[in-house]
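Visitor: Listed here are the chains, written in short residue letters.
Number of protein chains: 2
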Amino acid sequence: MQKNGPAAAMDIETFSQAITSGDRRALSRAITLIESSRADHREQAVQLIEYLKTANRQAIRIGLSGTPGVGKSTFIESFGKMLTGQGLKVAVLAVDPSSARSGGSILGDKTRMEELSRDPNAFIRPSPSRSHLGGVARRTREAVSLCEAAGFDVVLIETVGVGQSETVVAEISDVFVLLLAPAGGDELQGVKRGIMEIADIILVNKADGDLKPAATRTCSDYAGALRLLRKRPQDPEGFPKAMMVSAMQQEGLQTAWSEMTSLIGWRRDNGFFDARREDQARYWFEQEVRNGLLAQLDTPQARAMMQDYASRVAQGAITPTVAAQDLLLGLQEQT
Amino acid sequence: MQKNGPAAAMDIETFSQAITSGDRRALSRAITLIESSRADHREQAVQLIEYLKTANRQAIRIGLSGTPGVGKSTFIESFGKMLTGQGLKVAVLAVDPSSARSGGSILGDKTRMEELSRDPNAFIRPSPSRSHLGGVARRTREAVSLCEAAGFDVVLIETVGVGQSETVVAEISDVFVLLLAPAGGDELQGVKRGIMEIADIILVNKADGDLKPAATRTCSDYAGALRLLRKRPQDPEGFPKAMMVSAMQQEGLQTAWSEMTSLIGWRRDNGFFDARREDQARYWFEQEVRNGLLAQLDTPQARAMMQDYASRVAQGAITPTVAAQDLLLGLQEQT
Numbered sequence: 001m002q003k004n005g006p007a008a009a010m011d012i013e014t015f016s017q018a019i020t021s022g023d024r025r026a027l028s029r030a031i032t033l034i035e036s037s038r039a040d041h042r043e044q045a046v047q048l049i050e051y052l053k054t055a056n057r058q059a060i061r062i063g064l065s066g067t068p069g070v071g072k073s074t075f076i077e078s079f080g081k082m083l084t085g086q087g088l089k090v091a092v093l094a095v096d097p098s099s100a101r102s103g104g105s106i107l108g109d110k111t112r113m114e115e116l117s118r119d120p121n122a123f124i125r126p127s128p129s130r131s132h133l134g135g136v137a138r139r140t141r142e143a144v145s146l147c148e149a150a151g152f153d154v155v156l157i158e159t160v161g162v163g164q165s166e167t168v169v170a171e172i173s174d175v176f177v178l179l180l181a182p183a184g185g186d187e188l189q190g191v192k193r194g195i196m197e198i199a200d201i202i203l204v205n206k207a208d209g210d211l212k213p214a215a216t217r218t219c220s221d222y223a224g225a226l227r228l229l230r231k232r233p234q235d236p237e238g239f240p241k242a243m244m245v246s247a248m249q250q251e252g253l254q255t256a257w258s259e260m261t262s263l264i265g266w267r268r269d270n271g272f273f274d275a276r277r278e279d280q281a282r283y284w285f286e287q288e289v290r291n292g293l294l295a296q297l298d299t300p301q302a303r304a305m306m307q308d309y310a311s312r313v314a315q316g317a318i319t320p321t322v323a324a325q326d327l328l329l330g331l332q333e334q335t
Numbered sequence: 001m002q003k004n005g006p007a008a009a010m011d012i013e014t015f016s017q018a019i020t021s022g023d024r025r026a027l028s029r030a031i032t033l034i035e036s037s038r039a040d041h042r043e044q045a046v047q048l049i050e051y052l053k054t055a056n057r058q059a060i061r062i063g064l065s066g067t068p069g070v071g072k073s074t075f076i077e078s079f080g081k082m083l084t085g086q087g088l089k090v091a092v093l094a095v096d097p098s099s100a101r102s103g104g105s106i107l108g109d110k111t112r113m114e115e116l117s118r119d120p121n122a123f124i125r126p127s128p129s130r131s132h133l134g135g136v137a138r139r140t141r142e143a144v145s146l147c148e149a150a151g152f153d154v155v156l157i158e159t160v161g162v163g164q165s166e167t168v169v170a171e172i173s174d175v176f177v178l179l180l181a182p183a184g185g186d187e188l189q190g191v192k193r194g195i196m197e198i199a200d201i202i203l204v205n206k207a208d209g210d211l212k213p214a215a216t217r218t219c220s221d222y223a224g225a226l227r228l229l230r231k232r233p234q235d236p237e238g239f240p241k242a243m244m245v246s247a248m249q250q251e252g253l254q255t256a257w258s259e260m261t262s263l264i265g266w267r268r269d270n271g272f273f274d275a276r277r278e279d280q281a282r283y284w285f286e287q288e289v290r291n292g293l294l295a296q297l298d299t300p301q302a303r304a305m306m307q308d309y310a311s312r313v314a315q316g317a318i319t320p321t322v323a324a325q326d327l328l329l330g331l332q333e334q335t
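Chains as they are written, first to last, in the UniProt record's numbering: chain A, 1 to 335; chain B, 1 to 335.
Some clues are possibly wrong.
No copy labels: a pair is met if it fits in one copy or bridges any two.
For lysine to any residue, the following SDA-like pairs were computed, each having C-alpha atoms within a straight-line distance of at most 20 Å [as the list claims (entries may be wrong)]: (1) K241 - L226; (2) K89 - N56; (3) K231 - Q254; (4) K89 - R38; (5) K231 - E197; (6) K231 - P68; (7) K81 - D119; (8) K231 - A183; (9) K53 - I318; (10) K231 - I195; (11) K241 - R227; (12) K241 - Q254; (13) K53 - A314; (14) K53 - D153; (15) K53 - T67; (16) K231 - A310; (17) K53 - D279; (18) K53 - R312; (19) K212 - Q234.
No lab work stands behind these hints: they were computed from the structure. Here the structure is a predicted model, which means the values were calculated and not measured.
Take the sequences, apply the hints, and build the full model.
Guide: Structure (structure tokens):
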């Protein structure tokens, strides 16, 4: 058997039982399998996931976004340890569509979360080096369902928020948390536009020592900004909310967790929890269908044609409508 | 010749000359032509727009969004009158994907802008009753280019902000303006999530009489919220910005116009104006290509299949990936 590699000839039933009984090497191998793009691996992966659905287990899925420097690793380490200390099993996955470009991957260096990575109740899986967002999204969805089948209570899905990755994470999570660092009055321009749209909870980290006053101010600024946005039906009174934590001092983490579970509890009671998961499943189905159709544009010839028309459109030599008509005719003729 | 209807047999050259010489009945007829979905009309519309490109005229395109009640009609009336008073020619178009549903259309009642609609230097065109956003987007882009060829200096593109209509308007405009009403401390939840992402200027209207203190507070709240967002490369220092106006008292309108022209001037000087128009042309080309491919899902059979799979996916009976594969195979077999 290859170390961490997908098994050559796999007995799905035995493999599934190993995963559901908590064998983390089996879980690692399963994630490697779903990350493979080989056709036979894909087929096995689909079978495995189908089989594991019978385990019928559900975790709380928490999406977590934060740019480098906000203390995300320290937060995951402290928050994860707190949860495992309460007897919960915690899995951490990363969504990083940029990792192929940067050569590295977030969470790749497990020493960033040294204690948590040695914790028997925690499982940390770095992002694979793959750049295609559609592939990353599918891999993450499948990895989440593997972790749920393996009996994890909480799955943390981390992203640095490059491009559309926050949308991917939000469409996989039950709760979306944005981690921020304190900032001075004039530096408060760090939040990516659109993120407020999907955040359920904003945590201002580093609310300790010298930074505490700045954290307090930042938190109140964001609380004010959140109040300017329209209330969403899936939110109880007071959400989305901004709070302070200190991952280093391990302060505010229990309160943050209580807010998350209370939000989830409210959504469960009001039917929004299941409705959201159903909407997410529909969303991913539609995305896969659309991606399948749009894959016709993903050939070298189609890309060359697109580029050619696009530059003529940009120059004003042809209208977008006519260019699109011509291109679609050209695509049809190729097939 | 039909009144306001597309001509049966049309001489493109004569028609074009009528439009570029400022014949507003010809302009109206041309917009009716581009709104038609009849194949022969479509062909004539494409020819006409091609022909009019030779006029090589450019207007300032201002996108304007605001929910009912913020005083949008009064603003357009006052702002439009101010511009025509300065010798500028102003066209007003509406983007309203909801009009087919509601039965009416925004701007439909020209008495809402009584003075402006009688102004020889103004042209007001209501949104057609059509619900498909792709169609509305194309119609609006084409109507904008007709108004530019007709020699208008400013084209105001109005939307109530239903669904994705703000994105459509933002991708057609040079400047995007959000109009708001003053609100009390606890009522400040009216701004659609995501709108801050695209607004260049937020105008708090009704800054007059009793509402002035509330307007001042609202304006400063939004100014604060805008500072929390990351600065965009296409913005000079201080943008996006929040300002107060009173459309009724005609106060602040000249300042608002100066801010718009100064923003546009800066973008022109720094290459962002042309770059944005080129990006928009590319964007619409890609949208038309994508819509063309995705039109395969727009048949009764495809919709029925989609619905069937989507509900099984939502129930958890099948994974999104497998459902999508099956559906795409089914689509292929049909053709």
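Visitor: Each hint needs a verdict: does it hold in this structure or not?
Guide: Results of checking the hints against the structure:
1. K241 - L226: both (7 Å within a copy, 18 Å between copies)
2. K89 - N56: Within one copy only: 17 Å inside a chain, 65 Å across chains, cut-off 20 Å.
3. K231 - Q254: neither (25 Å within a copy, 34 Å between copies)
4. K89 - R38: The answer is neither: 31 Å in one copy and 61 Å across copies each exceed 20 Å.
5. K231 - E197: both (11 Å within a copy, 18 Å between copies)
6. K231 - P68: between (29 Å within a copy, 18 Å between copies)
7. K81 - D119: within (8 Å within a copy, 70 Å between copies)
8. K231 - A183: Cα proximity of K231 and A183: across copies only (15 Å, versus 26 Å in one copy).
9. K53 - I318: Close across copies (10 Å), not inside one copy (51 Å); limit 20 Å.
10. K231 - I195: both (15 Å within a copy, 14 Å between copies)
11. K241 - R227: both (9 Å within a copy, 19 Å between copies)
12. K241 - Q254: within (15 Å within a copy, 38 Å between copies)
13. K53 - A314: between (49 Å within a copy, 14 Å between copies)
14. K53 - D153: Classified as within; 16 Å inside a copy, 62 Å across copies.
15. K53 - T67: Answer is neither; intra-copy 34 Å and inter-copy 45 Å both fail.
16. K231 - A310: neither (40 Å within a copy, 28 Å between copies)
17. K53 - D279: within (18 Å within a copy, 45 Å between copies)
18. K53 - R312: between (50 Å within a copy, 14 Å between copies)
19. K212 - Q234: For K212 and Q234, the Cα distance exceeds 20 Å both inside one copy (32 Å) and across copies (34 Å).
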